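Engineer: Each chain is listed here by its residues.
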Amino acid sequence: MGYDRPGIVAAVAKVLFDNSCNIEALSQTVLMGQFAMIVVVAPLAGSSAGTLQAGLETLAAQMKLAIHMRTLNPTEHQAFDVGNAEPFVITVRGEDRPGLVLAITTILAEQGVNITCLGAEVVPVDQRLDYIQIYEVDIPNDMDFSRIQKALREKGAAIGVTVDMQHRNIFRAINQI
Amino acid sequence: MLSSEEIIRTIEMLKNENLDVRTVTLGISLRDCVSSKAEELCSKIRAKIKRVAGEMVAVCDRISDKYGIPIVNKRLAVTPIAAVAEGLDRGEYITVARTLDQVAGEVGVNFIGGYSALVQKGFTTGDRNLIATLPAVLSSTAHICASVNVASTQAGINMDAVSLMGQAIKEISIATAEQDGFGCAKLVVFANMPEDNPFMAGAYLGYGEPEAVINVGVSGPGVVKRELERALQSGTKLTLGDLSEIIKKTSFRVTRVGELIAREVAELLGVSFGIVDLSLAPTPTVGDSVGEIIQCLGLTAIGVPGSTAALALLNDAVKKGGAFASSSVGGLSGAFIPVSEDLNLSEAVANGSLSLEKLEAMTAVCSVGLDMIAIPGDVDAGTIAAIIADEMAIGVFNHKTTAVRLIPVPGKGVGDKAVFGGLFGEAHIVEVRNVACSHAFVGFGGRIPAPITSIRN
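Note that the protein sequences, when read in sequence, are chains A and B. Going by numbering that gives the first Met the number 0, the first sequence opens with residue 0, and the numbers climb by one from there. Going by numbering that gives the first Met the number 0, the second sequence opens with residue 0, and the numbers climb by one from there.
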C-alpha cells in the first residue's frame, strides 16, 4: 500500500520474478490516491521465503510503501463457502456520517450474511451529490431474504438513510446483454 | 461483475423514473369448465381460478420484493366467456360474470379480462347473449373487463357488430351515469385483437394459448422521457436518429426487466411463460406520459403538426429495442395514447391542441386506438358506431391491432371533465364533430369485405 504513482506494480512484479515466484492471482485498486494490491504467488524451484521477504522490505523502503507478506496454508486458498446462496446487492443512500458501515454490517454479521464486494463513493446523480454504499452479498437459500430486507430498511430509517436490497439479476438484466 | 455506475443508474430508474412492471397477467383456460348448467359451470370456474391463481398475488409480491421492482397490477385473463357459456340462457351470462367478479376479488387481482366475444365474421347465440348483457355486467361488477373483436384483416369489418357495440356503449354509459359512464372504460372494441394481450381492458386468453400462461406488460414512458431529457441536457447536438437510438436502448432495458419477472413468476406458479408486451403504457402521473415524450421530441404539445411522425419514431424505436431484448414479444406492443390515463394528453385536449381526428390519425402508427376518450353524453349510438368503423378500418387495412374505448359521459359536454379515479384518471371531454351524419352508412349493416392485401397465401 502507498501513494499511487506509475511503476509500483512493475517494481513489485520484478521482485517476485527475481525470486522465482509465479503470480497466481492479483487484485489492485486505487482509493482516493491510495494504491493497494493483493498478490497470491506460488514459489517455483529455487525460491526462498526469506530472500523474497528481504527483497520486498528493500522495495518498501525505496518506494515508501507498506508491504506485508505471509505464507498461506492450503485451506486458505479457497473462497469462503456459503453453500447454496443467491447473490443480492444492498445499496445505502443518504448523507455521509460516522457509523453507517457499522450499522449495516452489524446486521449482516448477526444474520450470517457474507459480503463478497463492498464499495462506497460520492456520486453525482443528475444535479445533486449522493453518498452511496454498495454491498454485494450472498444470501443462503435457506434464509428468508425478506427478513434481512426488513431489518436493513428499519435500521436505515432509524439512522436516516435509504437501504435497498435487490437480487443481483435485476442489475444484470437492465445493464448487460 | 457489476459496476457501481450500473447499480446507481438502475436504482435511479427504479426510484425516480417510474421503472416498474405495469402488469403481470395470468391467462387461464376455462375450456374444461364448459357445462350446459350454469351452476356447474360457475362451480368449475371458481375451482379452477382458485387452484391456478390462488398464489399469484403472493408470488408477484415476493418477486417484487426480491428484485426491488414494483409490479403495479396483477390480473387474470380467461377464455372468451361467449364460448365458455355458449349453452346457457342470456340471464345466466350475468351469473357467470358475477362468479368471475367474485373469484377475482378473492384471489386479489384488480381485473379479470375475458368477458369477450369474437364476432368479426358473424355471431353465435352465445356472442349475442354476451353483447346483450354487457350493460348489466359492466354496471354491476367491479373487476370484470370486456372486449369484442368486430373486425380482422382476414374477415373484414362486421358492421352489424359495430352497430351493436355503438348501442352497447351508450347503454353502459347510461347504466353507470353516476360514475361518469365509467362502465365503458372496462370495454374495448377491437380489430385484430391479440390473443396474448396482458393489458386491460382488452386482455383475454385466446384459443391458441396454453392451459395457463403468464404475460407481462412492461414499464411506462417515465424512463424513456428521463433518458431523452438527460441526453438533451448534455449539450450534445442530437438528431432524431440519435433520439431514436436512446429510446431503443431504454426499451431494451425495460423489456429485460419484464422478461426476468415474467419467467420467474411463471416458474413459481408452475405455468408457461408467454410474452412480454412492449407497450409504453402511461399513468396519470406527472413524468409518466407519452405526451411528455412527444414534447421532449420538440413539439409544444401532443396533437400539433408533427405529432404523428414523432409517435411513429417512438413506437418503432420501442419495438426495435424490445425485440432485441426478448424473443417472446407479443400482445399489443406499441405506445398507448389513452387520453384520460395520460395527464399530458388530457391537458392537450383541454387546451385544444389534441382533437379526436388527430387522435385517430396517430393510431395509424401506434397502438392501440381511440383509447379512454370521454365524449359528450349526447353523442348518439350511430355516430359512436361510425367512429368505431373508422378505427376498425385503420386496423384491418394496415394489418394491425386497433381498438376503441370511448366513454360517453351522461349529462356532460365539451368543457366539462369526467373523473374516473386511480389508474383511469380524469378526462376533459373531447369534441365530436359532425354528429348524426353517418346513420345511413352504418345502417346498411352487413360486412365490409376483407382487403385484397389479406390474400397473402
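None of these hints come from the bench; they were simulated from the model. Be a bit skeptical, because a hint or two may be false.
Stated by the list, open to error - Pairs of lysine-lysine, DSSO-like flavour, derived with a Cα cap of 30 Å:
| no. | chain 1 | residue 1 | chain 2 | residue 2 |
| --- | --- | --- | --- | --- |
| 1 | A | K149 | B | K14 |
| 2 | B | K411 | B | K319 |
| 3 | A | K154 | B | K399 |
| 4 | B | K47 | B | K36 |
Unchecked claim - Here are some chain B residues pointing at chain A (derived, C-beta under 10 Å):
| no. | residue |
| --- | --- |
| 5 | S3 |
| 6 | E5 |
| 7 | F251 |
| 8 | V256 |
What the hints assert, rightly or not - Output of the computed footprint for chain A on chain B, the stretches with three or more beta carbons under 8 Å from beta carbons of chain A:
| no. | segment |
| --- | --- |
| 9 | 8-21 |
| 10 | 385-394 |
Computed from a predicted model, the values in this text were never measured in an experiment. For glycine and all other residues, C-beta sits at the position ideal for the given N, C-alpha and C.
Engineer: Mind listing which of the numbered hints don't hold for this structure, in increasing order?
Structural biologist: Hints 2, 3 and 10 contradicted; others consistent.
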